[in-house]
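S.K.: Here the structure of chain A is known, so what remains is to put chain B in place on it, guided by the hints.
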Amino acid sequence: MTVDETWYLVLSAMLFTIGACGLMVRRNPLVMFMCVELMLNAVNLTFVTFSNVLNDVAGQVVVFFVLVVAAAEVVVGLGIIVAILRRRPEATADDVSMLRG
Amino acid sequence: MGGALFLLTAAALASGRPPRGFYALFTVITAVLAMVGSALAWGRVTDPARGAYSAIGDAIMVDGFSVFFGIVITVAIALAALLADDYLRREGLDGPELYVLMLLSGTGGLVMAMANDLIVVFLGLETLSIALYVMAGFQLRRLESQESAIKYFVLGSFSSAFLLYGIALVYGATGSTNFSRIADFLADNLLAANGLLLAGFALLLVGLGFKVAAVPFHVWTPDVYQGAPTPVTAFLASASKAAGFAALLRVFLSTFDLYRLDWRPIMWVLAVLTLVVGSFLAVVQTDVKRMLAYSSISHAGFVLVGAEAASDRGLAGALFYLLAYTFMVVGSFGVATLVGRRGDADHSLPAYRGLSQRRPLLALAFTVFLLAQAGVPLTSGFLAKFYVIGAAVEAESYALALIAMISAVVSAFVYLRITVAMYMTVEEGDDAAAALPFVRVPPAAALSLGIALVFTVVVGLVPSPVVDFARDALPVLVSAGP
Numbered sequence: 001m002t003v004d005e006t007w008y009l010v011l012s013a014m015l016f017t018i019g020a021c022g023l024m025v026r027r028n029p030l031v032m033f034m035c036v037e038l039m040l041n042a043v044n045l046t047f048v049t050f051s052n053v054l055n056d057v058a059g060q061v062v063v064f065f066v067l068v069v070a071a072a073e074v075v076v077g078l079g080i081i082v083a084i085l086r087r088r089p090e091a092t093a094d095d096v097s098m099l100r101g
Numbered sequence: 001m002g003g004a005l006f007l008l009t010a011a012a013l014a015s016g017r018p019p020r021g022f023y024a025l026f027t028v029i030t031a032v033l034a035m036v037g038s039a040l041a042w043g044r045v046t047d048p049a050r051g052a053y054s055a056i057g058d059a060i061m062v063d064g065f066s067v068f069f070g071i072v073i074t075v076a077i078a079l080a081a082l083l084a085d086d087y088l089r090r091e092g093l094d095g096p097e098l099y100v101l102m103l104l105s106g107t108g109g110l111v112m113a114m115a116n117d118l119i120v121v122f123l124g125l126e127t128l129s130i131a132l133y134v135m136a137g138f139q140l141r142r143l144e145s146q147e148s149a150i151k152y153f154v155l156g157s158f159s160s161a162f163l164l165y166g167i168a169l170v171y172g173a174t175g176s177t178n179f180s181r182i183a184d185f186l187a188d189n190l191l192a193a194n195g196l197l198l199a200g201f202a203l204l205l206v207g208l209g210f211k212v213a214a215v216p217f218h219v220w221t222p223d224v225y226q227g228a229p230t231p232v233t234a235f236l237a238s239a240s241k242a243a244g245f246a247a248l249l250r251v252f253l254s255t256f257d258l259y260r261l262d263w264r265p266i267m268w269v270l271a272v273l274t275l276v277v278g279s280f281l282a283v284v285q286t287d288v289k290r291m292l293a294y295s296s297i298s299h300a301g302f303v304l305v306g307a308e309a310a311s312d313r314g315l316a317g318a319l320f321y322l323l324a325y326t327f328m329v330v331g332s333f334g335v336a337t338l339v340g341r342r343g344d345a346d347h348s349l350p351a352y353r354g355l356s357q358r359r360p361l362l363a364l365a366f367t368v369f370l371l372a373q374a375g376v377p378l379t380s381g382f383l384a385k386f387y388v389i390g391a392a393v394e395a396e397s398y399a400l401a402l403i404a405m406i407s408a409v410v411s412a413f414v415y416l417r418i419t420v421a422m423y424m425t426v427e428e429g430d431d432a433a434a435a436l437p438f439v440r441v442p443p444a445a446a447l448s449l450g451i452a453l454v455f456t457v458v459v460g461l462v463p464s465p466v467v468d469f470a471r472d473a474l475p476v477l478v479s480a481g482p
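Same order as they appear, the protein sequences are chains A and B. Residues in the first sequence are numbered consecutively from 1, following this note's numbering. Residues in the second sequence are numbered consecutively from 1, following this note's numbering.
For reference, chain A alone in the conformation it holds in the complex:
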């Protein structure tokens, strides 16, 4: 059984929207961070789908670029977050409690 490509696009659009909404609603830097990752991976799904539809390998190559860039962003972002938490340790407790939601 094959799934129509449109559904993949709909799914990735939904994931992207969830990520974008999450980023705007949540106040915890780590969760916001995860939302950004969700958005990037939603885009990856779009790329792979189009690559499949168009029968063109370039879209899949793009995904690798995006993965590398996302990894670099994680490194820098976590560095910044750690620097802030180290400076303001009282912020940690709030963050941890917020992570449960």
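Keep in mind that the hints were calculated from the coordinates and are not lab data. Certain hints may be false.
Computed footprint of chain B on chain A; a stretch qualifies when at least three of its residues, placed anywhere within it, have a C-beta under 8 Å from a C-beta of chain B [stated by the list, open to error]:
(1) 18 to 32
(2) 73 to 85
Pulled a few chain B residues facing chain A out of the computed Cβ check, cut under 8 Å [stated by the list, open to error]:
(3) I119
(4) L123
(5) I130
(6) L164
(7) A168
(8) Y171
Glycine residues also receive a C-beta, built at the ideal position from the N, C-alpha and C atoms.
M.R.: Below, chain B without anything else, positioned relative to chain A:
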């Protein structure tokens, strides 16, 4: 070409252990070398027999446009490095890190300007931004600096996700991410249902509009500009904005030129919002760095006015504006660096009181930069505004030209307010003004300010060489190879 040079020297820079002042000097030399390389490339691309060419599998385009932005960005790096030298020593942060990041981020900007592929634009943007996130938070001991880093990071990665989604949709609609192939495809095929493509346009505009700080994607700008170390702010306002505009202009004005009826209205709204919000909110600020941040937003609006015209003249006007603006804004933030004193403590308006008596030359330089930003004749800022508004009139966007002029008048008030503060006569027995500390002007920063000042005034008086340069620097689409 310039980018590779940058990366290599940046790596060499990281391992060296030279005397003080060397890092800044090295950065400046690297930037100047890249500038010379760009100038040589300029000779080649303007030679009609050879013309522009693309490299690395059509991913990179070397044409007048990319050379132009190469020069703008290297100028910004050199001037900001000169400012950073003394600043870092004053803050006790001296070391190669900031310069390495600056060069890396500049490389990202160059890649963006040379990109001939949407994915290369994305990679360049990320190289530029990731280095900038760290630079914004470079002052570890200042909470403001850290806060600006996290704000810039979260909103920056948010917007690059939008940009990427836009790229994905355009890829889905046209079957390629290469500019030449997209343009060929759009010329050959009439899309029956182009909703996908238009959504892609909108998302690309969001992503790039964020980078150039166009309203409504500007919310990060005042906070980040205020919190970041001032030389970094100078770099952010010049190089990063120029690179964003390079990508925006190339994507919309050359690649999606056929669809100008679709994107011009969006660009119009963006330009109006950016002009109005930038200049009106600048009026109510009390912090000089914040004022300059809002004024840089309204400058982005002027460049968008040139872009909205969607003509060669508008493009040339936008390019000239960016070059002139780079010198003005680095100069302005340079003065703010010096007046801000240790710890970037005081950028409030009262700190500038009576600067004309304490430091006549510094006050004079700042006045020239501010007047140029306001668009007073005999400075480069006047001509820059003149060209973009002229292009808007030519493209029959009369309303837009009118709004641009009104917002220029409004923001002139901001600049005059700072100028008045500097020249306000300090009365006898005014303890508050007398108690203000002495502003030290180190030679490197003075050199940087001097270059910016000379450029601003000389181009205001003798504009033709620079205008010709901007006019010849139009982006070229070389049709894709086999």
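S.K.: Take the shortest C-beta to C-beta distance between I119 of chain B and chain A; is it under 8 Å?
M.R.: Constraint on I119 of chain B satisfied, holds at 5 Å.
S.K.: Using the nearest Cβ pair, does L164 of chain B come within less than 8 Å of chain A?
M.R.: For L164 of chain B, the interface hint holds, since the closest Cβ of chain A sits about 5 Å away, which is under 8 Å.
S.K.: Would the hint on I130 of chain B be counted as holding, given a Cβ-Cβ threshold of 8 Å to chain A?
M.R.: holds, 5 Å
S.K.: Classify the hint on L123 of chain B as holds or violated, based on whether any CB of chain A lies nearer than 8 Å to its CB.
M.R.: holds, 6 Å
S.K.: Holds or violated: the segment 73 to 85 of chain A covered by chain B, criterion of 3 or more residues with Cβ-Cβ distance under 8 Å?
M.R.: The restraint on the segment 73 to 85 of chain A holds, since 8 of its residues have a Cβ under 8 Å from chain B and three suffice.
S.K.: Does the interface hint hold: is Y171 of chain B within less than 8 Å of chain A, judged Cβ to Cβ?
M.R.: At 6 Å from the nearest chain A Cβ, Y171 of chain B passes the 8 Å test, so the hint holds.
S.K.: Would you settle whether the hint for A168 of chain B is holds or violated, based on the nearest Cβ-Cβ distance to chain A being less than 8 Å?
M.R.: With a minimum Cβ separation of about 4 Å from chain A (threshold 8 Å), the hint on A168 of chain B holds.
S.K.: Do three or more residues from the segment 18 to 32 of chain A put their C-beta atoms closer than 8 Å to C-beta atoms of chain B?
M.R.: Since three or more residues must qualify, the claim that chain B covers the segment 18 to 32 of chain A holds, with 5 doing so at under 8 Å.
Comparing the model with each numbered hint stated earlier shows that all of them hold.
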